[in-house]
Amino acid sequence: MTAGPAASLRPGPDAEPMLEIRDLSFTYAGDIKPTVDHLSLTIHKGEFVCLIGPSGCGKSTIFRLVNKLLNPESGSIKVDGRDISGRKNYCGYMPQQDLLFPWRTVAENVRLPIEIKGGMDQNDMDKAVSDALNNVGLDGWGDKSPSELSGGMRQRAAFARTILTGCDLLLLDEPFSALDYLTRLSLREWLLKQWEREHKTILFITHDVEEAVFLSNRVLAVTGFPISELKSVEIPAGYPRNISSLSEPGMARIKEELIDMLRREAPADEK
Amino acid sequence: MKNNSRANLPAAILVFALLIIWQAGAMHMNAAYILPSPSQILAKLWELRGPLFTAHLPATMEVVAIGLIISVLLGIALAVIMDAFPAAEKALYPIIIASQTIPTTALAPLFVLWFGYTIWSKVLVAVLMTFFPITITVFDGFKSVRREMEELMLTFGADKRQIFLKLKLPAVLPYFFSSIKMAIPLSVIGAAIGEWLGAQSGLGYFSRRMMTQLDGAGVFAPIVLLSAVAMILVAIVALIEKRTITWRGKA
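Chains as they are written, first to last, in the numbering used here: chain A, 1 to 271; chain B, 272 to 522.
Please keep in mind that the hints were generated in silico from the structure rather than gathered at the bench. There could be a bad hint or two in this list.
Unchecked claim - Interface residues of chain A toward chain B, partial, derived using beta-carbon atoms under 10 Å:
| # | residue |
| --- | --- |
| 1 | Arg82 |
| 2 | Cys91 |
| 3 | Gln96 |
| 4 | Gln97 |
| 5 | Leu99 |
| 6 | Phe101 |
| 7 | Gly142 |
| 8 | Ser145 |
| 9 | Ser147 |
Stated by the list, open to error - Which stretches of chain B does chain A cover? Using the computed rule of at least three CB atoms under 8 Å from a CB of chain A, they are:
| # | region |
| --- | --- |
| 10 | 278 to 292 |
| 11 | 433 to 441 |
Cβ coordinates follow ideal geometry from the N, Cα and C atoms, glycine included.
All chains, full assembly: derive it from the sequences and hints.
As structure tokens, then:
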């Protein structure tokens, strides 16, 4: 617990910010109330932060503003110290569905981000893809069609594709929620290993409190609508973690607190 | 292939049974100028093989080929334009749909007036009947491209060209093949109708000439040939489709 990732668990006052959101506001066309209202938040380099909240509370809207699929009304977003306007390839995005293209092999799917970015010759691309597939435990599956893969394997392929965007900031939007429970459990542990090896900063959306507590070093909870502030809760456990970490007294207490908090203020109940 | 032929067995038996009933009915009626029997039609086909295969079939196939090529180019161009520009979709889509209420067959004499007995009057009929399913099916294919996949490519920094080449084009291929399979029989029908109304050669023209001579089997023979040609062409396209699209029906 002294090397690389451990150092990033508790970002000190001098830890550099990876993502800085200042005064961000956004209203969907046709809505009266904004979905995001003067929100500010900072994610530091190397953190694993989970964003939790009930379904439909606007968590994904924040992601879509950061990856520029939506344009903010006001406010600024900085990644790695620079404003995102006019920039490409500053964050990797992984949606809930794997969205592997059925007409491409697994390797061709994983290659997509570097193919789009361009400027790499065929050999280098092949090397990068086979390394990425190796790292997610899919070596030998590159020539297969995505339909031959199980749900968990497809999600791992989608993660390899996200890694090949080459970005240090990864936005994962409920990537495991469509999987069965046991696959989800093993992929959580797997994801932590990936995070430790790749030294990425991960922002992870989930509505599953247990998942959030297990994965992150900090949880950001959505506690109202519109989203104007996020309640930040530190998770008092180091890494590596496994399934039994969840039953440690500190972890169990935090889990209950978070569930309480979300229940009390869940916007879904107010409507 | 073996599974395929087994799956088609019931249909083959039914066709065979219908042919036998037809044969028996025609023999009973014994009026070949009204209802020729299948065996009489086959005999006529053999008897007329010279002019049918060397003069009339090539003439019709020329119309079908030119008509199909123009329809495919026109259909795809319209679909791409409507997909790329919402304004073009709003302007073109209703017109294209409305164009199908015009009875092409009734317009064909006008085309003969314009183009005379040249190949172009027939090509025009074939194109008018064929471009529509291609346009609409390919356009539907573009519409079926998942918005999420496009968004994912945008987050990878893809431009419009890359989204078209790497996402839309492959996604639309299965729709393209379906549209071609629909278009082939239609272009054959279109060519035959065009020839019926004014031509100096072609299977449609030949069929009509036989009618004026009250030769029932002679009317049917070129029609059998037309159907066979359409079926063979569709089968060839289906084969190419099977080779090209290995992912159909898989998500």
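Outcome of the hint check:
no.: 1; hint: Arg82; verdict: violated, 16 Å
no.: 2; hint: Cys91; verdict: holds, 8 Å
no.: 3; hint: Gln96; verdict: holds, 9 Å
no.: 4; hint: Gln97; verdict: holds, 7 Å
no.: 5; hint: Leu99; verdict: holds, 5 Å
no.: 6; hint: Phe101; verdict: holds, 7 Å
no.: 7; hint: Gly142; verdict: violated, 16 Å
no.: 8; hint: Ser145; verdict: holds, 7 Å
no.: 9; hint: Ser147; verdict: holds, 4 Å
no.: 10; hint: 278 to 292; verdict: violated (count 0)
no.: 11; hint: 433 to 441; verdict: holds (count 4)
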